[in-house]
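Per the working numbering, numbering through the sequence shown is continuous, rising by one, with the last residue being 880.
For the record, the hints were derived by calculation from the structure and aren't laboratory data.
We treat Cβ as the ideally placed atom computed from N, Cα and C, and that holds for glycine.
Just so you know, not all the hints are guaranteed correct.
Unchecked claim - The calculated label-pair distances, taken between Cβ atoms and stated as ranges, are:
1) E653 x V543: 38 to 44 Å
2) G526 x R778: 25 to 31 Å
3) E701 x E862: 33 to 39 Å
4) V818 x R725: 29 to 35 Å
5) D722 x Y627: 54 to 60 Å
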Amino acid sequence: MVGDSDTADRYFEPQVETMPREQLRAGQEKQILELVEYAYANSAFYRELWGEHGVHPRDIRTLDDFRERVPFITKDMVRAYRTRTGDPFGGLLCVPVEELTSVSSSSGTTGDPEFFAEIWQDAPPLVTAQVRDLWELGLRPGDRVLSPPGTFRNLMDPGYQALGAVVIEVDTWMGKMHEVVEALRTYRPAYLQMMYPQMVELERLAEKTDLKEAFSSLKGASCAGQPLSRKMRERIRDDWGIDVYEYTSAADTGTAWECREHDGFHLWEDTVFAECVEVGEDGWRDVPEGDLGELVATDLDNRAAPLIRYRSEDLVRLSGRTCGCGRTHARMWVAGRRGDETLVQGRSVVLRDIWQAVEDQPETVAGVFQIVRDRREVDELRLRVGYDPALTGDVDALAGRLGEAVRQRTGVEPVLDLRTEEDLLKTMTSVAKFPRVVKS
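Model the full assembly from the supplied sequences, consistent with the hints where possible.
Set out below in structure tokens:
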């Protein structure tokens, strides 16, 4: 547990980050009751949906009322409203368009990109919320950061500048990691932001350059897009000398980051109200703390186009226990997406089991693989797996070992399509994420 003397070092906003949970909950209730009134008055989507369910703001007087009466929404519901009405904001917009500062988009990994209307002054909301996480990572005023060019959810530069960091503009996108290594040696930054495919690219560079020396100026680096495998994380830490912090989406309401404990992703509960539920044909129920359920999120700090009781399709475990870092906000552990489970002749196959089999082979330790299917229930398990050609002498022998490892983990004999990691990463439809389940 963090002591008082560590407060200045660990917390950017100590009173908020370590707020007692009772106080957090009271603040959420106040924000949600105001949000319900506001959204009903200003959003055509919510007014129509809630009307169909017999919901009116006068009936929502407590947080329990909100959870009992306000219906869930899904991405498909917003898309359907957009298609039906022609409203590009899906009926969510609560302000005149001229009041918006910007419109950014999601990565579009699981379908058409979603667009997010934003109002901000000094920096985009998604970025400013991350200042607490960057501070925990060790970033301080005057530190240099190597900034990647952003193509979705806005540039990160205003957030770094709000913290007082010096931004070094270098093209750090995919296919440029050899240039990034040279920039690290030249500018000696304290922080670098990366995505999962860049980590795979760095693995190939590690065979011919001293990454530990190149990364020696970093206080830390962040990674998003896909979870890092256990072995990849160990190699990044031990061989490259980087303390890497993963972060993930908080159901499109913001992001959730690891702290120095590396034990779950922190949800900033003054900006999001998070629920973990199980939804069935007969309704929904809360899952016990620590059990697996679907993350449902409500925006608390977005007056432009808030998401209210938004089903993320992310399967998570949620806990309100105080973290070892001393922060009181909830943490989540992500198990995958609801739609990623595959039934092969009735047998359930999940990504986790395949991942373990793939990363256990030296040639495929980076964990670059995809399930290829056109529906959830299939007759055979088709897998695309990327291998490192520098470590692979006999592809047929690798296929034999890998096929047996997958069979032992899943009980299913896979149909394998082995490609080089570079070739497989070229199939990405999103600049940020490597899709694990694809149709072709």
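Unmet hints by their number, sorted upward, for this structure: Hint check: nothing fails, all pass.
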